[in-house]
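Q: Given next are the chains, with one letter for each unit.
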Amino acid sequence: MSDDQAVVRFNPFLSTAVGDPWRDVEIPDVTSINEKTFNGIIRLLKQAPTSRGMGAVVLGEAGVGKTHLIKRLISARGLVFVYVHPLKDHHRVCASLLETVVTNLDGPPPGQPGGRKATQLDLMIANVLKSALVHYAQTHPGRGQKLLNIIKKDPLAVLRLTALDKWDTVLAEAKNFLKERGFPKGSTSADVMDTFFQYVDSSKRDAVRKFLSGYIPEDEDCELLGLRYRDGDLTVAAQEERSLTILKSIGKLLSYYSPMVLCFDQLENFITCDQVAGFGVLINDIVNQTENILPVAFSRAERWAGYLAEHLDHAAKSRLMMHKFDLEFPTLEQKIEIVRQRLLWAIVGDGLGVEALLTSCRPVLTGLLNRAGSPREVLEQIGGLLESIECPAGLEEVEKAICQGDIRPRDRVVQLAPAELMLATIKKYFEEDREKILSGEKKEPAKRETLIEALHLYFSNRGQAAPYRVVEVTEDQRIGLILRITPPDSGSTPLTLDFMVETNVNGKFLVGAFQRLTNRISDRTTTCSFFLRDSRAQIPTKPGGMPKTVVERDEFLKAGGALAYMEVAHLADLQALVYTSNAVGSGDISYTNESGERQEADQDMFNTFVRDGFTSDFISNLEKQFLTCPAACAPPPLRPAPPADHIEQILAILKAAPFKYKLESIAYALENKYQITLSHDELAVCIGNHAEEISQIPISPPIYYLRPKR
Amino acid sequence: MADQTKKKAKAAVLPKAPARAAKTNPAPQDVTPVSETPQISPPPQAAAPAQETPKTKLKPLATAPIKETPTAQPAPQTVAPAKETAPVSVSPTPKPEPKKDVPAAVPKAPQKAAKDSLPPEELVSHLLKTLKQHTTKAGLTCGDLGVKCGAGLKQKLALAKKTGDVAEEAGVAEAVASVIYSLWEQGRVFLQPHISKIGLSAPRIWSIENARNAFPKLFETSPPIPVALKAAPTLSELLTEEAAIKRAYDKYAPEYMGYVPIFKVRRELGWSREKFDNALRQLKERDVPLVNLMSGDPERYTPDETADSIKQGYTIYLQMRWRDE
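In order, the protein sequence lines correspond to chains A and B. For reference, each letter of the first sequence is one residue, going 1 to 710 in our numbering. For reference, each letter of the second sequence is one residue, going 1 to 325 in our numbering.
Read the hints as simulated data drawn from the structure, not as lab findings. It is possible that part of the hints are untrue.
Unchecked claim - In silico DSSO-like links for lysine-lysine, alpha-carbon gap of 27 angstroms or less:
#1 A:46 to A:36
#2 A:655 to A:442
#3 A:400 to B:129
#4 A:324 to B:264
#5 B:284 to A:36
#6 B:284 to A:324
#7 B:275 to B:217
#8 B:154 to B:129
#9 A:442 to A:117
#10 A:624 to A:427
#11 A:153 to A:185
#12 B:154 to B:132
#13 A:324 to A:46
#14 B:251 to A:400
#15 B:251 to A:324
#16 A:36 to B:246
#17 B:246 to B:217
#18 A:36 to B:137
#19 B:137 to B:148
#20 B:137 to A:400
#21 A:36 to B:251
#22 A:427 to A:660
#23 A:324 to B:246
Required output: the full structure, derived from the provided sequences and hints.
A: Pasting the structure below:
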């Protein structure tokens, strides 16, 4: 392999499924595949401001490119993008959705490369202000023209006015402008308008995010945001109502910017009638009560045509079916284009070599690709051929591997039996997803429904090897998860354990939650209670704060409850577990069996993985606690020290050849060159915290490199 | 579907290039209409009669007529469908029964005449070599080919003009077109007719080898036919099967929102297992597949229904969907 030859740096066919489209933006795209559907959605989005009540559904077989299509929407400009994992807590669909919406709005806008600071919310604010200023200039001739000329070119320029005295005047004009144009009335909507513009102040961002996510603000946040403290109704129904009101206000604000596409992915993971019914209610609410928001459902066709269509509310189904898109398998030329784009993605050097390779391999590729149906099958077929070569490799090696055309990965199959292979595939998917969560630019917040589902998956799949026997696992609307187990030394008396995941910041809400758990311990309804919380939302948030909540917390601990804070690595364990479960349900995890055929991982094998292959330090600690000291004194919070940041050394490593590193290679270099020992988790978190400097190629496993400077 | 195929067949007629010959060789009375029996290049030895074949200077292909709609333009080789000709459309088209006496009827005179008019071999090999390199994905227009040939072409063309093999007044594109037409008559290049529906505004030139890969269906019946392939179902048989499967599919499509269980179609047709499996696979494994086969949700099917679906290795396809396009 001479220096001037093109080199394939990695096997670009290994990444066969787009996990979270926000994280896997860099995967190459063949735009002609599913182009009709993409254009259809864009057309609907353009109509959204004038045609209310629209929805759409995209149907397709596993691997045909549903999530890839969603990823393409992220690359499009002129829309607000929100990606929604299946909302399985049917009691709180609207609250869960709003939280997801705000998390997405707090991220980079579609079509904008990563590493830039402006978020979708920034752009929304800038465009609302721009519209208000245009109106001001029209009604006050000769005034504000200079500013207007600047912000017409770049709406974000208006945000630079925050430091000026004029800012308050600009905001007052904008609020009047919105009121005159029918911004929703009511106290919540008024608070949304007041809070929305404060997002540009970085010191208030966190409070604004919480407020827009539907949480009732605590005294401190009210003071910070200039809101009047209100004793909100904390019932689930009231929270749902409140979330919908905020969503409606956000929709109204979008009319000055761009419509929002809500991509509800992996709907085939709804497994109960309640979940489908909850989704139906949500769709009806969105299409009937909000503006500028287009819900698009993505599902496997047979699941939609069967279970979902049978159980979905008729009105919601009609709305979504108004625009039904069926994804097609690609043609031969499109399949070859997939191969071309993937190779070009992976090579360093002259791209002409790829053309020559495709020419010489054309006869083999034609036969091979015509047998493959979906894009995923194409990737798996070609990826299987390249398994025999070691990357980095020259194109001639790749050509040889393809031209041999032996799609059976014999070596691998010989080593592993089918069941082991499937387990290994699931485990690999889980570990890679976990690494991507940790190294992501924005760490996902703890979501109640995700964590409860993860705990449910874990405890319902405990096998004989566990030091206790699980009798029953129940999800409870007010508690979270109730677990009944029989420890080995307790005879036949089962223990009852409560797990509450609470992300709320409202003191009244937290007080109620602590009291509920304390009462259950006191009246012996439960043996022990665990209050689980994101470590980024400590109680109290600052020394001396949240006095009432602290009193109740101490009462809870005194009664024998445990308060456990979850670090990002702990959260990543549980989040990745749920996302892997969704991927199995969607047919996204597959492997090539001994006959060279693609086989999807099934739920049984996933359960086996949870039982035998999944480990979580956090849950292990919980297990130790409820097995060793049930109902005993309060255990200390689970809080390891935060990892030290060694970004300077990491950047120095990435600056050196070969410039692209896997996580383990960076860890190895850190240890050898700088005598710094970091766990892979700590390293991934550190990389994610510096995403403006470090980018990643989302293959398996991810490869990290220095983000080119603009 | 059959209508669509017919439409494609009608649109897919000979490239404009042969129209030049048509001017000197009006369509004889017994010519089969082009629109009914779409023909493609290579139109080798069964082309125009010897006395009508240009003998000396090859005139350049006019660019303007190339853009005209080619319907009903009699072509020089449309005297009778030659055995080597194949339908233009990539999707299966009704194919005329090959006349067994055609090879014998191929006149030798045109071959000689065409050979007489061949441009210098150096120029030809240069063009063919370039064509082979650059037509792997899509064909080239005459203009494109001229550009791809690079600077060396001009020198060779100048020589050809001097020797009188190419008209002196011809530009590069016209001169290339002239040579290509000559090669096309010899069956040494493949001309893909212009079809505005798929965005081809001018005929595309392919090397024969690359055209075989790009349009395998067109060359299926071209000699020499491998012995193994002779046993495969003929195109007309496939068409009948395709139509039958489509009819059975259409019957259930509304009920299943287009995602029809394969066992329904199989049972509707009542064919032998092998015939149905082969026919359905043929529809799937095309350059532009006609059906998508999907694995579906096995839990929704009884063992009998699963058995009446299609199995490929360990993958069981339970549903099918006819593509929209």
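Q: Could you run down the list of hints and mark each one as holding or not?
A: Outcome of the hint check:
no.	hint	result
1	A:46 to A:36	holds (15 angstroms)
2	A:655 to A:442	holds (24 angstroms)
3	A:400 to B:129	holds (23 angstroms)
4	A:324 to B:264	holds (24 angstroms)
5	B:284 to A:36	holds (21 angstroms)
6	B:284 to A:324	holds (23 angstroms)
7	B:275 to B:217	holds (20 angstroms)
8	B:154 to B:129	holds (16 angstroms)
9	A:442 to A:117	holds (12 angstroms)
10	A:624 to A:427	holds (24 angstroms)
11	A:153 to A:185	violated (32 angstroms)
12	B:154 to B:132	holds (19 angstroms)
13	A:324 to A:46	holds (17 angstroms)
14	B:251 to A:400	violated (47 angstroms)
15	B:251 to A:324	holds (20 angstroms)
16	A:36 to B:246	holds (23 angstroms)
17	B:246 to B:217	holds (20 angstroms)
18	A:36 to B:137	holds (22 angstroms)
19	B:137 to B:148	holds (14 angstroms)
20	B:137 to A:400	holds (20 angstroms)
21	A:36 to B:251	holds (26 angstroms)
22	A:427 to A:660	holds (24 angstroms)
23	A:324 to B:246	holds (22 angstroms)
Hints 11 and 14 from the list above are not met by this structure, while the remaining hints are.
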